[in-house]
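J.: For the protein sequence lines, the chains are A and B, in the order given. Numbering-wise (the numbering used here), the first sequence opens with residue 1 and increments by one. Numbering-wise (the numbering used here), the second sequence opens with residue 1 and increments by one.
Keep in mind that the hints were calculated from the coordinates and are not lab data. Just to be clear, a hint being listed does not mean it is correct.
Examples of chain B residues lying across from chain A (beta carbon under 10 Å, computed) [what the hints assert, rightly or not]:
no.	residue
1	P72
2	N163
3	F204
4	L209
Straight-line distance between alpha carbons at most 30 Å, and here's what the computed DSSO-like set of lysine-lysine pairs gives [as the list claims (entries may be wrong)]:
no.	chain 1	residue 1	chain 2	residue 2
5	A	K180	B	K77
6	B	K232	A	K187
7	A	K12	B	K190
8	A	K12	B	K232
9	A	K5	B	K117
10	B	K96	B	K124
11	B	K71	B	K115
In this text the structure is predicted, and so the values were computed from the model without any measurement. The beta carbon of each residue, even a glycine, is placed where N, CA and C say it ideally should be.
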Amino acid sequence: MLVQKILTRNPKAELYYDLVELFTGITLVGFLWTHMLFVSTILLGSDLFNTLSKSLDDYYLSYVGIPFIVLVFIMHILSAGRRLPTRYQEQKIIWRHAKMLQGTDTWVWVFQAITGAAIFALASIHMFVVLTGWPITATTSAGRVEAFWWFYLVLLLLGEYHAGFGIYRQFVKWGWFPRKPLGYVSKLITVIILTLGVAALWVFLQLGGA
Amino acid sequence: MSTRKFSIFRYNPITPEVKPFMQEYTIEEPPGMTIFVALNKIREELDPTLMFDFVCRAAICGSCAMIINGKPRLACKTLTSDLKGTVTLMPLPVFKLIGDLSVDTGTWFRHLSVKTKSWIHSSKEFDPNAPEDRMDNETALEIYEAERCIECGCCIAGCVTANIREDFLGAAGINRVARFMVDPRDERSKEEYFDVIGSDEGAFGCMGLMACDDNCPMQLPLQLQLSFVRRKMVSFGLSIK
Chain A
1 MLVQKILTRN PKAELYYDLV ELFTGITLVG FLWTHMLFVS TILLGSDLFN
51 TLSKSLDDYY LSYVGIPFIV LVFIMHILSA GRRLPTRYQE QKIIWRHAKM
101 LQGTDTWVWV FQAITGAAIF ALASIHMFVV LTGWPITATT SAGRVEAFWW
151 FYLVLLLLGE YHAGFGIYRQ FVKWGWFPRK PLGYVSKLIT VIILTLGVAA
201 LWVFLQLGGA
Chain B
1 MSTRKFSIFR YNPITPEVKP FMQEYTIEEP PGMTIFVALN KIREELDPTL
51 MFDFVCRAAI CGSCAMIING KPRLACKTLT SDLKGTVTLM PLPVFKLIGD
101 LSVDTGTWFR HLSVKTKSWI HSSKEFDPNA PEDRMDNETA LEIYEAERCI
151 ECGCCIAGCV TANIREDFLG AAGINRVARF MVDPRDERSK EEYFDVIGSD
201 EGAFGCMGLM ACDDNCPMQL PLQLQLSFVR RKMVSFGLSI K
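Turn these sequences into a full structure, and let the hints steer you where they fit.
T.: This is the structure in C-alpha cells:
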C-alpha cells in the first residue's frame, strides 16, 4: 500500500461513479427521445411547434431543464468517459482486440466511445447556437437547418446511435431484461426516433429560413 | 483425405531476439478432427518445438483454451470441420505467455482465488462425526451452476476491460464471488463482500460488452451472474456506512 493511496481511498467511489453513469445515461436518453418528439411536432405544423416552444418557456421548463441537462451531460462525460483508455498502447490493444474477436457488442462499444466523443463536441456547438438564438421558433429553427442541415443530420445519427446502444448496454449490465429482445426493442425505438428526426429536418428544409 | 492449413503464432520469451511470427502447417484432415488432435499431429509429424497446453481433451480441465480464428475457444471442443479455410491459432491474451500457444492461466486464477478469498468463511467448528447441514435443492443447483466454470480463461481473454486493466477480475472472478454469495454456509458480511468486489476491479469494471457471455465454452449464464453481483454490490454498498 502506498501512502497517497491510503490517504485518499474511498471504497464507495467506484460505486457512485457507476450509479452516476447509469442515471445520467438514462436521463440523457429520456431527454433525447423527448427532445426529438418535441422537435417533430413540426410535422404537424409550425403553429403547434411554436405553441409548444412558447409554453415550455412560459412554464419555465426550458430555464430549469436546460441547465439541468447541461449538468447531467457533463456528469455523464466524466463518469462514462472514465472508462475510455487514452494511452497509445491501450488504444492499439482495443482496436486489435475488436478486429480479432469480431464480437458485435465489442464493435458497437468502440463506435459508442467514438460517437460519445463526437457528441461532446457537436452537442456543445448545438446548445451554444440554440441558446444564443433564443427563443426557439419554427422560423429560426428552419433557418438553422437550411444553413447547417448536414450538421444536424450528423448529430442526429450520432446521438441516436449512442443513446440506443447506451440504453441497451445499461440494461444488459444491470440484468433487468434478457439481451436479445432488449436489442430488438432498443433498435426499434432508435429507428422510430431517427425517422421522426429525419422527417422533421426535411420539413424544416422545406419551410426555409426567414 | 482432404488437407487443412493452419497458421500458428510462434514466439518464445526465452529467445526475444526472434520476433513473434505466424507459421503455416498443412496436415491431413480426418473426419471429426478437433484442434487438439490437429496440434498433436503437427507436433508429431511436422514440428516437435511447437508449444501448447492440454490435459484432459474432454472440456473438463480448461487447459487448451486458445484463440481459434479470432474467438476464445477450447481446442479439444472445436472441430476443424466447423471452421472455414485456414485455421488461425493464437495464445490467449491477458495471461502470461509461456511460448507459442501455451499460457499460464494458473497464476492468474490463483491470484483470483486469493483476492476473492474463495473459500467458505465459517465460524463453526467442524465436527467430522456430525451430519452436514442440509441445503435446499434450488440453492445447491445455483451453486453448481456457477461451479461449472473450468477456469479456462476464455471469458478473460475476450474481455476488453481485462485486456487493458491488469487488476480486473473479469467474469470468472465475479462468477466465483456470486457462487459464495448464494452459499448459506458462507458467513461473510456485506462489508466483506463489498470490499472484495465492489470496485472497478470487480463488479463496476465491467462495461457490458458480453464477450464473456458469448464465448464461454461451458455456456455459463455470465450476463446474469455479472448483473446479479452488480445489483448486490449496489445494495450492499449503499446500505453500509
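J.: Each hint should be assessed against the structure and marked as holding or not.
T.: Status of each hint after checking the structure:
1. P72: 8 Å, holds
2. N163: 5 Å, holds
3. F204: 4 Å, holds
4. L209: Given a least distance of 5 Å, the restraint on B/L209 holds.
5. A/K180 with B/K77: 26 Å, holds
6. B/K232 with A/K187: 29 Å, holds
7. A/K12 with B/K190: Since the Cα atoms of A/K12 and B/K190 sit roughly 13 Å apart, the hinted pair holds (cutoff 30 Å).
8. A/K12 with B/K232: Cα-Cα ~14 Å, so holds.
9. A/K5 with B/K117: Status holds; Cα separation ~22 Å.
10. B/K96 with B/K124: 39 Å, violated
11. B/K71 with B/K115: 28 Å, holds
The structure fails hint 10 only (numbered hints given earlier).
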